[in-house]
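**Student:** Chain by chain, the residues:
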Amino acid sequence: MNVVEIESALVFLEKTYPNHCKRIALPERTYEGRSVHALRIGSEISSAIPSVLIIAGVHAREWGGPDIVINFAIDLLRASKARKGLTYGHKSFTANDIRDISDQVTVVVLPCVNPDGVEFSHTKRHYWRKNRNPASSKPGKPNTIGVDINRNYDFLWDYKRYFHPAATADTSLASDKPAEETFHGPSAFSESETRNVRWLMDQMPRLVLFLDLHSYAGDVLYSWGDDQDQTTDPNQAFTNRSFDGLRGAIGDSYREYVRPADLQTAVDIAQTVADAMRAVRGQPYRPLQSVGLYPTCGTSDDYCFARHVVNPRLSKTYSYTLEFNFGSADKTFLATNDPKVLDATIRDVVPGLLALCLSAPAAAAASSRTHSLDVSGSVPSSDSHRTRFANDIMRLLGAWEAVAVLGGSAGQSARRGILAGIRQATKGRVR
Amino acid sequence: MAKTGRLPARRARKYARIAPSKQYRILVELSPYEKVTCLSRFHLQHSCMPQPPPAATGSRDLHAFAPGTAVTALRKAGRKVTVLADADAESRRLQRSIGKGDRFKGGRSGPKGVGTLR
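Order-wise, the sequence lines are chains A and B. Letter by letter, the first sequence follows residues 2 to 432 in the numbering used here. Letter by letter, the second sequence follows residues 1146 to 1263 in the numbering used here.
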């Protein structure tokens, strides 16, 4: 589907299923002036019903994402209307499954976040990844056009401040150079595309699941993407400035905190999604922590999961990036340009999206359960005050070992942060 | 020049002239102990690219897009580079599968879905 057809498909769905879905016009046009629409499936968005947001068409060259999302919407709508189940290869959903999604969940899909980039990839350079905003470009250098939308969200966006120098050396993390394919833009949310996605999230007061479709790795990625997960030390978190300059170096002492119950829920749902896709014809989809691919920042999934941490009044949203398809043995890229491969990929992935939506009530329950603890500031009962103090000291010692030999201003800054952490941890305990 | 035409296809591809302004899809060999960051200065585009599995020896190929200048620089630096495709020519081939108009006529028709109702 080209970008015109993606919009036409949404119009078609709204006309064909007027009682089941409605288009949502997003507030901002793209740089090239395109208007963008999402589609709500099911009940009106409200705080009473858990909602799911699925987006695609972010990285322009990862063809197939919008086709998957449109076909997911069609299948869900026609099965809801017909009150029937759906089958994809060896994976089936009963009529009750479909009814559960329709009755208990509001699903919003945004099939093409970056139509300018997708259009450019479809008509000019197929390997284009970014949007087409020339604000940071240099005359005569076409590669400097555009921003990587999935590095432009406000999660550790200022990567040189937050990440370990060893991590910033890899441009997959992000780049501040417009010529790089991971250029993160002049500021967080500098791009209309990311602001549109944020606007959608803001409209959904009970957003419990979020999924961003990408390719190519065969993974269902769950947070965090900046560093390895840990469940024991709440202080070791992206909000703690003491650890600036330490994130993203895999195997060192810094790891990103996630509540044990949240991690369990996130992994369980990722497994459910991967299992549904694998069941179709045995494609080896698997759950993986996002950082397992490579450390990232400014991504949609981490931003979405981080929102409730930064603002406890917001709903906790278990967030994923689904990397569809696999690197094939003959090492070709963009196999989804082959209509047969694309068709098979759609059949593989749509069941994963249906399984995600079926997980929404469970995610809502888990979100409410653990979120109340976050807001009240309670700590897990197993964390005695003494244990927390010991954990703090051990963590800080580990951090000190990691940066002891680090030179330059980054090392100085990290050591100052750790000293501040030690003062905070020992406050009232050491005279 | 005449000899190039007699080379087997694989060798001919290897020694094909690299145009600085063109974009190529390449494989760059990394030794078992090398990280991708050691290629940072060549500005390769490899994010989210499908990557081939490592060889039994532990060495692996990084699959990336790169301008011709980078291909030449990599080779000058002693790197083993395999040019898989001229990415611009590949664009034209791949884009043939993308329709130019609007099959759905502004929403008067649409795709049918892929699942079987039951």
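These aren't lab readings, by the way, just hints derived from the structure by calculation. Check each hint, because a few of them may be wrong.
Computed Cβ-Cβ distance ranges for the label pairs, DEER-style [claimed, not checked]:
id : chain 1 : residue 1 : chain 2 : residue 2 : range
1  : A       : PRO362    : B       : THR1214   : 50 to 56 angstroms
2  : B       : ARG1186   : A       : GLU33     : 28 to 34 angstroms
3  : B       : ARG1238   : A       : LYS139    : 50 to 56 angstroms
4  : A       : THR233    : B       : ARG1186   : 37 to 43 angstroms
5  : B       : ALA1201   : A       : GLY283    : 21 to 27 angstroms
Owing to the predicted nature of the structure, the values given are computational and were not obtained by experimental measurement. Backbone N, C-alpha and C define an ideal beta-carbon position, used for all residues, glycine too.
**Student:** Now, for every hint given, state plainly whether the structure supports it.
**Tutor:** Against the structure, the hints come out as follows:
1. PRO362(A) - THR1214(B): 50 to 56 angstroms: holds, 54 angstroms
2. ARG1186(B) - GLU33(A): 28 to 34 angstroms: Cβ of ARG1186(B) to Cβ of GLU33(A): about 33 angstroms, so the range 28 to 34 angstroms holds.
3. ARG1238(B) - LYS139(A): 50 to 56 angstroms: Once the Cβ atoms are compared, 30 angstroms apart, the range 50 to 56 angstroms for LYS139(A) and ARG1238(B) is violated.
4. THR233(A) - ARG1186(B): 37 to 43 angstroms: holds, 39 angstroms
5. ALA1201(B) - GLY283(A): 21 to 27 angstroms: Because 25 angstroms falls inside the window, the suggested range holds.
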